[in-house]
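> These are the residues of each chain, in order.
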Amino acid sequence: MMPVGISIASALLVAVVLWRAWRSNRLTDTDTDTDLHLDSEMGDQEWAPCPREFISSICNSEDWEFISKFDSEPLKALFLRERKSVACQWVRCTAASTRRIIREHAQLARRSKDLEIGPELRIYLRYAELQAACAVLLLGIGIFGPVRLRELTLYVSRLSEGFRHAHGSLRTAIETKELQGI
Amino acid sequence: MKPILTIAPIQEAYEDFLRRSLAKITCDLGRLIYLASMRDYNTGRYHHDGLSTRFSPAVAHAALEMAHREVFDKVAAFRLLELAEQMKDYFDSSHENQIDLVRAWRRLEPFRMAIPMNVNATVASLFISNVKLALVILPRLHQQHQVHPSVA
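Respectively, the protein sequence lines represent chains A and B. Our numbering numbers the first residue of the first sequence as 1 and each following residue consecutively. Our numbering numbers the first residue of the second sequence as 1 and each following residue consecutively.
For reference, chain A alone in the conformation it holds in the complex (with noise of 0.2 Å):
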């Protein structure tokens, strides 16, 4: 009876953490300094992928441990708090120019008439994977903050940059077909 009981209380206590992660996310969402708009009036810059140095500062340890000298905690949780915000941000713009990609990359496989399924999985599991990191990435930002999960931004920075790569290519060899008038 007792490990049902320890099982069922480990759980819930699991439930309320991701439930306050996916809350704190949620409220970084409304907040008035990242909130930049994800929306149709945003140029190619802006939907470009942020450059690596800069998603490095945000999960940086150096800006932490200076923080830290000033051995104040109201500076340090506004520290946490600003960088979860932004780090929050760059993984939702993340998840959301792979959306955007695998649309446009959804009407060029239609009008394709000589579709190589392998590519297009690879790139569709890619796609899967992506996002499955985004939301991991998310939940953990919300839970540990950015700086303690560094490897695991710049891993999700990387699969992006791939998944990008992935689709310029195939992008350009489907029209490239169409071109030639395959």
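Derived by calculation from the structure, the hints in this document are not laboratory data. Be aware that a few hints might be false.
What the hints assert, rightly or not - Now the in silico label distances, taken between C-beta atoms and shown as ranges:
| no. | chain 1 | residue 1 | chain 2 | residue 2 | range |
| --- | --- | --- | --- | --- | --- |
| 1 | B | R69 | A | S7 | 25 to 31 Å |
| 2 | B | D100 | A | R100 | 41 to 47 Å |
| 3 | B | K74 | A | E151 | 25 to 31 Å |
Since the structure is predicted, the reported quantities are computational estimates derived from the model, not experimental observations. Ideal Cβ positions, reconstructed from N, Cα and C, are used throughout, including at glycine.
We have chain A; now place chain B onto it with these hints.
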């Protein structure tokens, strides 16, 4: 029809502007604010009389936009300590009371106007977030300097 701009005069205008105007400003944050102040809030077009006369308004706009973007990328990549030091230099150069300036920057947030158009959304957010943090850090750094003048 829009005039077709070639890279060579833009590059020339850009270098001319760096040499004549931007080099005289001592800190990158000051350069960023100066560049943003040359942009029309309504249209997003950059204006500089001297540059427009020497080249053309369109070339001057393109050169200033290029300079703005470059300086912005540099400032957005600063570590918090660097940014706080830049802010101190910029505030010192204005010869105004630093406490008043910090208060005005916190309330009015003029640094939001320093972001170039079509910049990456995450980079823009990181810049705003860092400036807000630097504004909190700056008075503390000032206090530290007064208590421990030897601390750099």
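> Each of the hints needs a verdict: does it hold here or not?
Results of checking the hints against the structure:
Between R69 (chain B) and S7 (chain A) the beta carbon distance is about 55 Å. The supplied range of 25 to 31 Å is therefore violated. At roughly 45 Å, the beta-carbon separation of D100 (chain B) and R100 (chain A) lies within the given 41 to 47 Å, and the hint holds. At about 27 Å, the beta-carbon gap between K74 (chain B) and E151 (chain A) stays in the expected band of 25 to 31 Å.
Of the numbered hints given earlier, the model fails hint 1 alone.
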